[in-house]
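So the sequences go chain by chain: A and B.
Note that the UniProt record's numbering numbers the first sequence so that position 61 is 61, with each residue one more than the last.
Note that the UniProt record's numbering numbers the second sequence so that position 278 is 278, with each residue one more than the last.
Hints in this document: simulated from the structure, not taken from any laboratory.
Because the structure is a prediction, the values reported are computed rather than measured.
Please note: incorrect hints may appear among the correct ones.
Here are the in silico distance ranges between beta carbons for each label pair [unchecked claim]:
no., chain 1, residue 1, chain 2, residue 2, range
1, B, D205, A, R32, 11 to 21 Å
2, A, L134, B, E82, 52 to 62 Å
3, B, D212, A, P402, 54 to 64 Å
With the C-beta cut set under 8 Å, the calculated list includes, among others, these residues of chain B facing chain A [to be verified]:
no., residue
4, W7
5, E9
6, R51
7, G152
8, H154
9, S204
10, F242
11, W353
12, T400
Just so it is clear, CB atoms sit at the ideal spot from N, CA and C, and this is done for glycine as well.
Spelled out, the chains give:
Number of protein chains: 2
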Amino acid sequence: MSTEASWLELADDDPFGIHNLPYCAFGQDRFRWTGVRIGDRILNLAAAEGRGLLDAGGAFLGQSNLNRFMSAGRPVWARVRERLTELLGSGRHREAVEPLLLSVGDVRLELPFEVADYVDFYSSLEHATNLGRLFRPDAEALLPNWRHLPVGYHGRAGTVVVSGTDVPRPSGQRKAPDEPAPAYGPSARLDIEAEVGFVVGVPSDGPVPIDDFRAHVFGAVLVNDWSARDLQAWEYVPLGPFLGKSFRTSISPWVVPLDALDAARAPGPEQQPPVLPYLRAADHHGYEIDIEVRWNGTTVSRPPFAGMYWTPAQQLAHLTVNGAWARTGDLYASGTVSGPEPDQTGSFIERTWNGARPIQLDDGTTRTFLLDGDTVAITATAPGPDGSRIGFGEVAGTVTKPE
Amino acid sequence: MSTEASWLELADDDPFGIHNLPYCAFGQDRFRWTGVRIGDRILNLAAAEGRGLLDAGGAFLGQSNLNRFMSAGRPVWARVRERLTELLGSGRHREAVEPLLLSVGDVRLELPFEVADYVDFYSSLEHATNLGRLFRPDAEALLPNWRHLPVGYHGRAGTVVVSGTDVPRPSGQRKAPDEPAPAYGPSARLDIEAEVGFVVGVPSDGPVPIDDFRAHVFGAVLVNDWSARDLQAWEYVPLGPFLGKSFRTSISPWVVPLDALDAARAPGPEQQPPVLPYLRAADHHGYEIDIEVRWNGTTVSRPPFAGMYWTPAQQLAHLTVNGAWARTGDLYASGTVSGPEPDQTGSFIERTWNGARPIQLDDGTTRTFLLDGDTVAITATAPGPDGSRIGFGEVAGTVTKPE
Numbered sequence: 001m002s003t004e005a006s007w008l009e010l011a012d013d014d015p016f017g018i019h020n021l022p023y024c025a026f027g028q029d030r031f032r033w034t035g036v037r038i039g040d041r042i043l044n045l046a047a048a049e050g051r052g053l054l055d056a057g058g059a060f061l062g063q064s065n066l067n068r069f070m071s072a073g074r075p076v077w078a079r080v081r082e083r084l085t086e087l088l089g090s091g092r093h094r095e096a097v098e099p100l101l102l103s104v105g106d107v108r109l110e111l112p113f114e115v116a117d118y119v120d121f122y123s124s125l126e127h128a129t130n131l132g133r134l135f136r137p138d139a140e141a142l143l144p145n146w147r148h149l150p151v152g153y154h155g156r157a158g159t160v161v162v163s164g165t166d167v168p169r170p171s172g173q174r175k176a177p178d179e180p181a182p183a184y185g186p187s188a189r190l191d192i193e194a195e196v197g198f199v200v201g202v203p204s205d206g207p208v209p210i211d212d213f214r215a216h217v218f219g220a221v222l223v224n225d226w227s228a229r230d231l232q233a234w235e236y237v238p239l240g241p242f243l244g245k246s247f248r249t250s251i252s253p254w255v256v257p258l259d260a261l262d263a264a265r266a267p268g269p270e271q272q273p274p275v276l277p278y279l280r281a282a283d284h285h286g287y288e289i290d291i292e293v294r295w296n297g298t299t300v301s302r303p304p305f306a307g308m309y310w311t312p313a314q315q316l317a318h319l320t321v322n323g324a325w326a327r328t329g330d331l332y333a334s335g336t337v338s339g340p341e342p343d344q345t346g347s348f349i350e351r352t353w354n355g356a357r358p359i360q361l362d363d364g365t366t367r368t369f370l371l372d373g374d375t376v377a378i379t380a381t382a383p384g385p386d387g388s389r390i391g392f393g394e395v396a397g398t399v400t401k402p403e
Numbered sequence: 001m002s003t004e005a006s007w008l009e010l011a012d013d014d015p016f017g018i019h020n021l022p023y024c025a026f027g028q029d030r031f032r033w034t035g036v037r038i039g040d041r042i043l044n045l046a047a048a049e050g051r052g053l054l055d056a057g058g059a060f061l062g063q064s065n066l067n068r069f070m071s072a073g074r075p076v077w078a079r080v081r082e083r084l085t086e087l088l089g090s091g092r093h094r095e096a097v098e099p100l101l102l103s104v105g106d107v108r109l110e111l112p113f114e115v116a117d118y119v120d121f122y123s124s125l126e127h128a129t130n131l132g133r134l135f136r137p138d139a140e141a142l143l144p145n146w147r148h149l150p151v152g153y154h155g156r157a158g159t160v161v162v163s164g165t166d167v168p169r170p171s172g173q174r175k176a177p178d179e180p181a182p183a184y185g186p187s188a189r190l191d192i193e194a195e196v197g198f199v200v201g202v203p204s205d206g207p208v209p210i211d212d213f214r215a216h217v218f219g220a221v222l223v224n225d226w227s228a229r230d231l232q233a234w235e236y237v238p239l240g241p242f243l244g245k246s247f248r249t250s251i252s253p254w255v256v257p258l259d260a261l262d263a264a265r266a267p268g269p270e271q272q273p274p275v276l277p278y279l280r281a282a283d284h285h286g287y288e289i290d291i292e293v294r295w296n297g298t299t300v301s302r303p304p305f306a307g308m309y310w311t312p313a314q315q316l317a318h319l320t321v322n323g324a325w326a327r328t329g330d331l332y333a334s335g336t337v338s339g340p341e342p343d344q345t346g347s348f349i350e351r352t353w354n355g356a357r358p359i360q361l362d363d364g365t366t367r368t369f370l371l372d373g374d375t376v377a378i379t380a381t382a383p384g385p386d387g388s389r390i391g392f393g394e395v396a397g398t399v400t401k402p403e
């Protein structure tokens, strides 16, 4: 049990137990470091490496984010993880380690890695079907390519922000179908997209074969791909979403190592028609990750990641099959996670069916799209070994007035 | 005349005369520096600054690309440009400067700046109309949003490469309309897009008002947005181009400073219907840039940049109007430059009308789309002061076999 595996006093169900050990970047005053979380504490990794407690080849020394460590590759990741498990597990290191622990509440959590390119997929069958119905009511909801390839597009890397960063309501052009011309103004249909993102550690100078997924991908984060539906609807044909998405994309501060998700591996969905060979994995699997979406504290949805049609390994194989390089810090998100039930949808446009079915919050107010001052927090956990839970923490943001 | 303005022996019509002075990054052995070009020579800027010939606040010292200088802002750009004009113009600096000059042919030209985010617009009325006809033959060619906003999307920053880099033919999924399912294989319809790209120097933490264009944008480059039309046609609905574009995007090694293009300013096109206020500039202007596309040495097209419907200032104002930040190194390209005549089109899908009208090259062979071994070189010049020409150099690439 996780309690027994650490000398720290952790509850059995602590989502940041010894089997998780997610990485972060954090700051105090004007300094920045990388860290690893256990319970409600963070071990300063630069300090641990500097004192000879960790052999990471300098991956943490003088680093303000995880990029260098992520680029070091799986053997280094595995060695560091094993050593951290020992340092934070076995009581005999307590004396050396304890002075290097900080309380999560005492530090400023930063963007854990520098984002290279950001790609957003569209891999939930339910979400793609729902959005197709809402955006293109007169056409077939699911487009012909959808079951053959993981549809995706590039987003804006420069506006990926860490959880806790405010989200000013974006302005731009929007046009209702019955209006003759577009008008400029603040989005009136501001929405979220609850997603899981995967982060590339080891770069590739060509296609990443599907079975090499674990050699390249370092870990996972939660993503909120904030979306201005009115801006998006007017702009997105024919070149895809642009300003409707690019104002901000929030991610959780904790990068959960892929190794921490081994117990969460779940068989990948059956795919019909069969996919092309470059998308066929020897071990076709997704992950069981249970997401929860809270709107001003009220849980409004529980999207199940396990049901995603396209797996993270397929997404990476697809996005590089044309010879596009992957770089350390490339972030690719799953697309909105939506299950078949209304309270399993990962966006509010689905949850309220385009505003037609308002949601009641615990404070008695109702919502369709986001109001200024609203806070959305997305959390998730996954099954860990020995009955433990692996926590992703949260990605949260508050909508503020237009700038 | 430009000859008289420099102590270097330059022909009157040298496109790299004293009025141009484009910046670059270059390498010799394992070192990398930044430089400025005059004639067929490059002045090593780190050396010039290091010896006290230039006061750039350290913008060139120890730098392997232009990002630091580009972030320094217009007053520094102007001061450095003025000083370079003096150093390379007046003969009294010859003794100090001459030892710091290298021949262009003796160095390795590198990517001149680190690309932050890459955005590609779609701002030629003729190109958008042509592509609409070819990709959506049963619908209105120009979509309803096109005259209201500069349509664009994010591309892949990590695969932007400098001129001279080979372009391996990309593989991926493509499906002909009469085939029941997609197949995997090398693109059979590999194309180019001749564009002009603008580079952000000074970042913004919110919208860039249209009249602030010159305070943020450092200069311009040529762009070849290589495009696999078969991959693109199958993937691009509904989220836009992805693998059909992301394998490589080539740029010229010379960043032409905006100041060098003052004489090339041309009145912006009349826009009907009138655009929204945030897209209205006090000085609505584009640039007269004459582009030439050579296919294995044969000039096949001369796209005129002056005819673009949306201006670079409008593009930047639009891309940040939702509050998206601009970063140093952000590259945004115009979209394919096409004029009204067939021999003014900036892509081969237009030039050959989807392959129906093959082009004859000077060697007697014909082409529709690119063959392995083909080289495309895009060059451009613009009017400079006193009858001079401002050269952009070239962006060239050779298609190689699939990797």
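Would you pick out the hints that fail for this structure and give their numbers low to high?
-> 3, 4, 5, 6, 9, 11, 12
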